[in-house]
Structure formats: structure tokens, C-alpha cells
Amino acid sequence: MQQPARSAADSHDVIEVRGARENNLASVSVDIPKRRLTVFTGVSGSGKSSLVFGTIAAESQRMINETYSAFLQSFMPSLSRPDVDSLRNLTPAIVVDQERMGANSRSTVGTATDAYAMLRIVFSRLGSPQVGGAGAFSFNLAEGMCPTCEGLGRVSDLDVNELVDVEKSLNGGAINVPNFGVDTWYWQTFVGSGLFDPDVKLQDFTPQQWEDFLHKPATKIKVGSTNLTYEGLVVKVRRLYLAKDRESMQPHIRAFVDRAVTFTTCGDCAGTRLNAAALSSRIAGRNIAECAAMQISDLAEFIRGIDDESVAPLTGNLRDLLDSLVEIGLGYLSLDRESATLSGGEAQRVKMVRHLGSSLSDITYVFDEPTVGLHPHDIARMNDLLLRLRDKGNTVLVVEHKPETIAQADHVVDLGPGAGTAGGRICYTGDVAGLRRSDTLTGRHLDHRVRLRERVRAARGQLPIRHADLHNLRDVSVDIPLGVLTVVTGVAGSGKSSLVHGSLHRRDGVVVVDQSPIRGSRRSNPATYTGLLDPVRTAFAKANGVKAALFSANSEGACPTCKGIGLVYTDLAMMAGVASVCEKCEGRRFTDEVLTYRLRGKNISEVLGMPVAEARDFFPSGPARVILDRMADVGLSYLTLGQPLTTLSGGERQRLKLAIHMADKASTYVLDEPTTGLHLADVDQLLALLDRLVDAGNTVIVIEHHQAVMAHADWLIDLGPGAGHDGGRVVFTGTPADLVAHGDTLTARHLREYVAH
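If you count by full-length UniProt numbering, then the sequence shown holds residues 1 to 757, one letter each, in order.
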């Protein structure tokens, strides 16, 4: 039988990238097969993210945004066209990244996945007694929320001792609240109110004055010829600071709020966020808050027990959604868990579940290290989900370092050969078997294994943890050995972070180096953050006989047009705002005069454009070299000194913090998944760095899933046996060799397989 002629419409089988130059990409051209799983590999800084996120996904999203009306576009972030000659056959791209899911305390796992919305409808139909529609069970709507805490589940209280010093007078600076200092506008309303003598100490106020000072509701007061609105200090602080979302506050105000505000569970709703009517309605003896508080794996069982025909399609969908969450390794969460408390990996997996249920196909899904935070046991499940997305007819692009995920790929694009200016080129494209045979860094390391230590270090003492019960921990007592490398492991949700961060945070001599965002604006960069800019500015000032302040983009030498940012942000009113390179300084951030001053032939802008590796040659000694060496030690040789911190990944942020803390006289370092974003070849460098920290007399505690780090440890603490209420116990402590020889935990199984390879 004759085959039908192939239609022109069927010929668009590859995404064609031609001449991509974003960041360090060296005019890259590559074809990526559609409806396949393509994994992008290469060392940190080789250009993977620039190609996948900065070029392909960015252009797809920009073109979709352009299809909306100008009015709608005004509410969207402005996206500039990537630096690429041409991109053909793009499909709509959905980026599933590790950005935390908002800081809004009204967002929970249930609201973010729509599971809670489905549950509300089930309760509105089957709950007894009936209390109205689905809105009556929403803590975000007036009809369902607890009136006392307004659906937040907690009420805030102010510690008056943090607000004022009662041994001082108003004129003497008694108020300790930011923006309420002597002579400020807010201070003047208290002094000008005529209610108190500003020279009397607060402790000598009459009871009525004290009440007026703290709690008087907003009242119009005439002072001389002006009308003032006076309100008590507690009333004013609540309105100004407590009504705002914590994450949107400036750092110094957030620090004050953290000190002054105590949050307690709302007494009226017992933290459930709902009013009495919503809590009175039950299905099979449980109200909706009890369902939302159940572990998702248990809730799935509970929903299975509901067999009412009137809601069968709905409970079927809800069951599928909950089963997907269990399958992706999130069965230990509950629907009432706040989204903001999820780790980056957990947030990414929650977003992934939303897309699995989608009816769309021929979409390009883009993932950034989806295995982050996953134990080898969980990675297999994640791989299945990536393949399921592909099998629905989607193009799946994954930036990844783990060999287990690379092995699943239909197609591999390997970038390199190095990082930064030494990267940005295609080293290999093809299947996994071909990658293994290729002589690329990735190909050589795919089967590379770290061996168990011949001899483990002896502990110098113990760091005791006693009766830890945070989250799912079950009264855990364990000793962490001092002076050695300890790795804490276990499946996602087994209680590792709860044990380490919950028990060691704020102990003397403990430095916690995590991946949280670095507070700072688009002005901050590695040079300013590490303190490197100070010796650099001093060197420029000395060489040119001028003052050092000229060489700061935040000070006198800054280009006046862009204020030293290098970009000009233009607000186009109804259209989206645009960031464009400053025409005055051409993105160099400094005035023309400053750029005439040179240090060994380079101006300050050229020095800030150097990667760490090049800057080490430029500064062969002195304090600048010491800081640069630390950055190279943690694997950041490819970062440029002036790169905005907002462009760094979680793993890069963690390594930058580690570089700074290496100067501290700490005795105990706690690292949370330091292999995030590291190529297999870079993991060896990280292990050497951890060894150096331990050999210098420090204790290093690492929360990690990477078998290479487990194998290299002196001591392992394995939590489990499962996740959520199936975890929270120490299932093994001992040397890696002991675990391999005698352990029967999930970790033991995977480590045994790893070292036997």
C-alpha cells in the first residue's frame, strides 16, 4: 500500500536554533528534536541555561506575550528579544523552575494545585450539615474565613518592650521603631499631640497616658492651626508594618518585625483559618480542615472511600491529582502547608503536577534540575513523570547533571568545554550511548564513581541533638561527631532539614550556608557582596592619585543617566516597561572621566567584566587575590565580578556565601545540598573543598542525596524509613562502609549499587 505523501505541516520536527549569543554562547547553532526528552549537560557556567532558558524559552514566552492586547501587556514583565540570529519551529514554552512559590501566606499546597478547590465543592455537596456553597469553605473569602484572624490561622501580637525603652522620654529617643526616631514626621505627631510631656520618661506616664500612647484609635487632633490624625503607637505599627506581606518589606523593617512581632495560633479557629460554620460540616466524621491537615497520601485513601454518584467525576479528578502528588514523592505534604515553606525542589514538583493533568499537548516544557532535593529513590519517579509528559506529545527540555536522568534522554546536548568564556560551545549532540563514547568532560564522567574512604577520620567529640520533634521528627536524639565530614541523608520529606536546621540553627560557632536568595538589589554583584570591590577600588585610587569613591557604581563615579546600573528602565505607561542598555555609558556603569583611569592598562569597567579566573591573574597577590582564591575554591571561577546577583542560581548563591564564610572563624559549617547545579566533574572539586575545611579543624555537616558525597563521608546519618509520618526517625548512623555492608534502608540500597558499579 502506498504511503500518503508527507504534508509540509509534518516537517517541523526540530526546533532550529541559529547563532545564539546570549551571555557566553559563542554563536551556537543546534537542532533539538520535538516531542522528545532532551537533556542539556555541561559544567556550571557552560551556557546550558543561556541556551534553554535565556534563548529558547525566553523567545517563546516573548512571542506569546506579543499576541496579547497592549492593555494586557502592560501588566506583564517586559521581555527583550534574545541575542540570536533565528529560532524556527518554536512551540509555546512553559518553564517549570525552582523559584519559591510566592511569599503569600494565603497560598497553600491545596490552593496552588486546585486540590483544595475540589475538596470545597465535595464538602458543599456532601458535607453535613450543609452550610452553603463552595465559597463557605474558603479561608480566602469573607463567607468562609475565621473573622478573628481573617483566614490566616494566626494572630500577631506586639512585644511592647521591643517598641519602646520606658526609661527614656520621647525627646530622649524612647521609640525604637524604624522611621519613628527623634525629629521624624511620625515622632512629631506624638510630641505635637499635646497628650504627653515629651521630657517625661515613659515609665512615669499615668495609666491613661500610657493607654493613649499605645492604643488610642485614630483621632483628629488640632495642634495650633493644623489638624493631625493621632493614633497610638501599637495601632500605627500594626497598620504600617503588620498589614504588609513580610517578604515585600525592606530588610531593616523585616528585621524589626521579626523582633517585635510574635505570631500565635488563632484561638478562635485553632489555626484552621475557617469560621465555625465551615468547621461544623463533616463527611465521614471529618471536617474540611482535618482533611486539609492530613498527609496527602492519607487524604487520597479517605477520598477513595467516598462513593457518591453525584460527585463521582469530581472525586475521580481529585483522587488522580492526589495520586500524582504521591507519585512524584510529595505524599508527605498536606494541603494546608503554606506554599512559601516549600523548598525549591518541592515547589518545582508541585508545579509539575499541575501540568501533568493538563489537556494541552505539543507544548515545550522546560525544567531546571528537576532532581534537586531528591533522593536516588525519588529520582526514578521524577524520570517517569518527565517521560509521561513527553509521551503526551510534548517537547521536554531538561537542564540536569544527574546521570540517572541523563540516561533517560532521547537526545543530549552537551555544552562546554569549560565555563564562562571557556564555554558556550556545543561539544556533543546525539544519544546517550554516543555521549559515553565521546571524549567530552560529561562523557568521561558519566560512569565516574567516588570510592569509599580507605580510613575515616576519628571524631574529636560530639554535638548532641536531644528530643528533636520539629515537623515530622519523632523525638529524635542523635550525636553529630565533631571534626569530621558528616552527611545527613534520607528520602525527600524524611526530616533531614527539620533535624539539622531546627536543631543547629543559632548555636554558637555554627554557620549555615543555604541557597536562599541573597538580599540585595540589581546593583549587587560578586565584587560588592564578597568585599572584593574595596581592595580593587583602593588599587585604582592609588594608581591614579584620586579618591576610591570614584570607582564605586553606587557612589560618585556612577554614570548619572543610569545611576550606575548600566541599564535604563523606561516605563511606557500602558505598554510593558523596557530595560535598555544605557546610551550614555553604553552599559559600563561609570562616567567617562572614571573610565580614563587605568590600572595596569584596564579601566574599572573592564575589571568588573572579568571572570574570577582572569581576575586572579590580574591580581596576583594581596587582599583581592585572597577573596578571588576563595571564589575559585568553591567552583565559581567562571562568574564575572560585576554580574548582578539576581542572575545567580541557588547553587551559585550557596557557593558564593560559602566563599565569604570561609573567612569566618567558624567551627561548624552546615551546607544544604551543595551539589545543586554542579557537574559530575565539579563534584570532585567540592569534595576536596569539604576535606580542606575539615582538615583545617572544622566540623562539616552536609544535607545531601548525591551518592558521591555519601561515599566520601566519614559518618552518615540516615533518616526515614519513608517520608512525612512514615519518616522522622534515624534509621542508621555509622560509616558509609557499614551502611553498604549491613544497611537495609533505601539509602543503603542505592549507595551499595553506586559503589559496586
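Some hints could be false.
Quick list of the computed label-pair ranges, beta carbon to beta carbon [to be verified]: (1) 580 - 663: 33 to 41 Å; (2) 238 - 695: 51 to 59 Å; (3) 99 - 467: 43 to 51 Å; (4) 663 - 141: 36 to 44 Å; (5) 267 - 179: 30 to 38 Å; (6) 507 - 85: 54 to 62 Å.
DSS-like, lysine-lysine: derived pairs with alpha carbons at most 27 Å apart [what the hints assert, rightly or not]: (7) 220 - 201; (8) 602 - 665; (9) 584 - 602; (10) 201 - 168; (11) 392 - 34; (12) 222 - 236; (13) 351 - 392; (14) 563 - 547; (15) 584 - 563; (16) 236 - 216.
Calculated directly from the structure, the hints in this document are not laboratory data.
Just so it is clear, CB atoms sit at the ideal spot from N, CA and C, and this is done for glycine as well.
Here is how each hint holds up against the structure:
no.	hint	result
1	580 - 663: 33 to 41 Å	38 Å, holds
2	238 - 695: 51 to 59 Å	52 Å, holds
3	99 - 467: 43 to 51 Å	35 Å, violated
4	663 - 141: 36 to 44 Å	52 Å, violated
5	267 - 179: 30 to 38 Å	32 Å, holds
6	507 - 85: 54 to 62 Å	55 Å, holds
7	220 - 201	25 Å, holds
8	602 - 665	35 Å, violated
9	584 - 602	20 Å, holds
10	201 - 168	5 Å, holds
11	392 - 34	12 Å, holds
12	222 - 236	19 Å, holds
13	351 - 392	17 Å, holds
14	563 - 547	19 Å, holds
15	584 - 563	11 Å, holds
16	236 - 216	10 Å, holds
When the structure is compared with the earlier hints, violations turn up for hints 3, 4 and 8 and for no others.
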